[in-house]
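Chains as they are written, first to last, in the numbering used here: chain A, 149 to 289; chain B, 4 to 155.
Mixed in with the good hints, there may be bad ones.
[Claimed, not checked] In silico lysine to aspartate or glutamate, DMTMM-like type, Cα no more than 25 Å apart, as pairs: (1) A/K230 - A/D276; (2) A/K272 - B/E75; (3) B/K140 - B/D82; (4) A/K248 - A/D170; (5) B/K140 - A/D263; (6) B/K129 - A/D275; (7) A/K213 - A/E243; (8) B/K140 - A/D275; (9) B/K105 - A/D263; (10) A/K224 - B/D83; (11) B/K138 - A/D263; (12) B/K87 - A/D245; (13) B/K81 - A/D203; (14) B/K140 - A/E193; (15) A/K191 - A/D203; (16) A/K224 - A/D245; (17) B/K138 - A/E193; (18) B/K117 - B/E27; (19) B/K138 - A/D170; (20) B/K81 - A/E243; (21) A/K260 - B/D133; (22) B/K87 - A/E185; (23) A/K230 - A/D170; (24) A/K224 - B/D13; (25) B/K117 - B/D35; (26) B/K129 - A/D203; (27) B/K81 - B/E27; (28) A/K230 - A/D156; (29) B/K138 - A/E150; (30) A/K230 - B/D35; (31) A/K272 - B/D82; (32) B/K117 - A/D203; (33) A/K191 - B/E100; (34) A/K224 - A/E193; (35) A/K191 - A/E150.
These are calculated hints, taken from the structure and not from any lab test.
Predicted, not measured: the structure shown is a model, and the values here were computed from it.
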Amino acid sequence: MEVLLVEDSPGDVRLTQEAFRDTSPPIHLHVARDGVEAMVFLKHEGAQKNAPRPDLILLDLNLPKMDGRELLATIKGDSAIKAIPVIVLTTSGSEADILKTYRLRAKCYLTKPVDLNEFLNVVKSIDDFWLARAKLPSEQC
Amino acid sequence: MPIEVLLVDDSLGDVRLTQGAFREANPLVHLDVAADGLEAMAFLRHEGAHANAPRPDLILLDLNLPKMDGREVLAHIKDDSALKTIPTVILTTSDAEADILKSYQLQANCYLTKPMELETFENLAKSINDFWLTKVKLPPQRKTHETGRRSG
Chain A
149 MEVLLVEDSP
159 GDVRLTQEAF
169 RDTSPPIHLH
179 VARDGVEAMV
189 FLKHEGAQKN
199 APRPDLILLD
209 LNLPKMDGRE
219 LLATIKGDSA
229 IKAIPVIVLT
239 TSGSEADILK
249 TYRLRAKCYL
259 TKPVDLNEFL
269 NVVKSIDDFW
279 LARAKLPSEQ
289 C
Chain B
4 MPIEVLLVDD
14 SLGDVRLTQG
24 AFREANPLVH
34 LDVAADGLEA
44 MAFLRHEGAH
54 ANAPRPDLIL
64 LDLNLPKMDG
74 REVLAHIKDD
84 SALKTIPTVI
94 LTTSDAEADI
104 LKSYQLQANC
114 YLTKPMELET
124 FENLAKSIND
134 FWLTKVKLPP
144 QRKTHETGRR
154 SG
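Extracted from the complex, chain B is given alone in its bound form (with noise of 0.2 Å):
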């Protein structure tokens, strides 16, 4: 069964970088992109092109976004009820003490920055894979009792 693994990222040499480290680290990872925080949320929330897309076992996040910032996506997601408990990772360049409080305050499950070369992008890939994909307990995926959407 394929893990679904939602990464939000607008920079696509992290993301060309990000795909190859996790086939690398673990083929049986899924990785789905959405490129600013509007298209994150219409992703979670199933909405116009994204009508099926996978629930995400965990989502990978970064701060600094077009459209609705990383700050905003991660508020959004830890405020609904239907999207609360899947793990979301802060992935940034940024390494601000402000950010990283910030986001934990936010209820981010983990802040972690990105490498700077190419090689530790593996690092990293593999890090994730052994901790959060391998180790940890994911929230099981949604009971039928669960579906419904928020309204309002």
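With the rest of the complex left out, here is chain A (with noise of 0.2 Å):
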């Protein structure tokens, strides 16, 4: 499974990487630290030649250089890519952007709490439900 996590928090990225570690099926988390990086992953640009079609993004909102909700529009808006399942993971709980990101097609919305033990779980439910559970889209979409 590919993952890539779009996140600038370099605390929220280590914390997500334990979460994921000994899954099995194994995840390859890819990290992109803001907007810009995660298209040029996507699209498969300079030094991400090589870069997988992630299997599901995991998105923050607050993001430098281009914002989440900017990228999410461009990811949905790009017909090479918006196959792939946007989950928004966000400390925002506000009520405009929840609603904002699902009218721009975000399959769901999880807000990052703040608590260690509850932010290690919400990520697994992740794995649980989307990786373990869900059917994906597949590759050549």
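With the hints as a guide, bring both chains together as one complex.
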């Protein structure tokens, strides 16, 4: 399973890596620190020429360079990558953000808990539900 | 406050199993059932006998349905600005790649296959409850300025 995490907080990146460690089947977690880097990865540009197509994207909303909302709109407007499920994972609990990202076709919206164990719990639930139970679209779309 | 879930499924047996499994998983879930695609759309648009239907927090949609197919229902939901933010989870016996792909292209929020055994319906309902109805922030119910029905 290839998962792209778009996240600028090194602490949250570390926690997500920990939560995904030892999963079965193993998850290859790729990290992009901002929206521009995420698009370079998704479009296989430059140094990311050999980047895999992610099965799932975990997206923070508040990002440098290209904001998560803008990145989501860009992904969903690109026929080559729009079928990749995007899950929003953010500290924002604002109703405006929730509504806006569902309108922009995020698959679902999760908030990052401040408690460490709860944070790990949320990330594990993504593994349990999306990567173990849900059927994801296959490569060739 | 009840959590409103609309199950669109024509199989009486599966409806019965899903109802039982959700009762077990979360008593706050209020499960409404539409037995075909036309009834689902009437429910969602508050038409006819469904004038007082609640707006679902989540839709569980089978693909193979009489009158109006699940794929068509999905396309209508995601094309309707008043309905498109309601998370719509496909729940079907088909695990054909073409169905999975098509459903995601039509903006299904997620694709699940129906369990083949009684006991696993309970696991499925628990799993949907734990993830979608507990962890996920669902879109807020429509504000008054958004309640206008689409014309045409």
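Cross-check of the supplied hints:
1. A/K230 - A/D276: 23 Å, holds
2. A/K272 - B/E75: Answer violated: A/K272 to B/E75 is near 33 Å, above 25 Å.
3. B/K140 - B/D82: Holds, at about 22 Å.
4. A/K248 - A/D170: 34 Å, violated
5. B/K140 - A/D263: 17 Å, holds
6. B/K129 - A/D275: Within the cut-off at roughly 15 Å; holds.
7. A/K213 - A/E243: With a Cα-Cα distance of about 24 Å, the restraint between A/K213 and A/E243 holds, given a limit of 25 Å.
8. B/K140 - A/D275: OK: B/K140 and A/D275 at ~17 Å, within 25 Å.
9. B/K105 - A/D263: Answer violated: B/K105 to A/D263 is near 38 Å, above 25 Å.
10. A/K224 - B/D83: Between A/K224 and B/D83 the Cα gap is close to 17 Å, so the pair holds against 25 Å.
11. B/K138 - A/D263: 14 Å, holds
12. B/K87 - A/D245: 16 Å, holds
13. B/K81 - A/D203: 22 Å, holds
14. B/K140 - A/E193: 34 Å, violated
15. A/K191 - A/D203: 14 Å, holds
16. A/K224 - A/D245: Cα-Cα ~17 Å, so holds.
17. B/K138 - A/E193: 35 Å, violated
18. B/K117 - B/E27: 17 Å, holds
19. B/K138 - A/D170: Status holds; Cα separation ~22 Å.
20. B/K81 - A/E243: Holds, because 20 Å separates the two Cα atoms, which is no more than 25 Å.
21. A/K260 - B/D133: Roughly 16 Å separates the two Cα atoms, so the pair holds.
22. B/K87 - A/E185: The given pair, whose Cα atoms are some 30 Å apart, is violated under the 25 Å limit.
23. A/K230 - A/D170: 29 Å, violated
24. A/K224 - B/D13: 32 Å, violated
25. B/K117 - B/D35: Within the cut-off at roughly 18 Å; holds.
26. B/K129 - A/D203: Judged against 25 Å, a Cα distance of about 24 Å means the pair holds.
27. B/K81 - B/E27: It is violated: about 30 Å lies between the C-alpha atoms, which goes past 25 Å.
28. A/K230 - A/D156: At roughly 22 Å apart (the allowed maximum being 25 Å), A/D156 and A/K230 satisfy the hint.
29. B/K138 - A/E150: Satisfied, since the Cα-Cα distance of roughly 22 Å is no more than 25 Å.
30. A/K230 - B/D35: 31 Å, violated
31. A/K272 - B/D82: 32 Å, violated
32. B/K117 - A/D203: Satisfied, since the Cα-Cα distance of roughly 21 Å is no more than 25 Å.
33. A/K191 - B/E100: 24 Å, holds
34. A/K224 - A/E193: Measuring from Cα to Cα gives roughly 18 Å; hence the hint holds.
35. A/K191 - A/E150: 15 Å, holds
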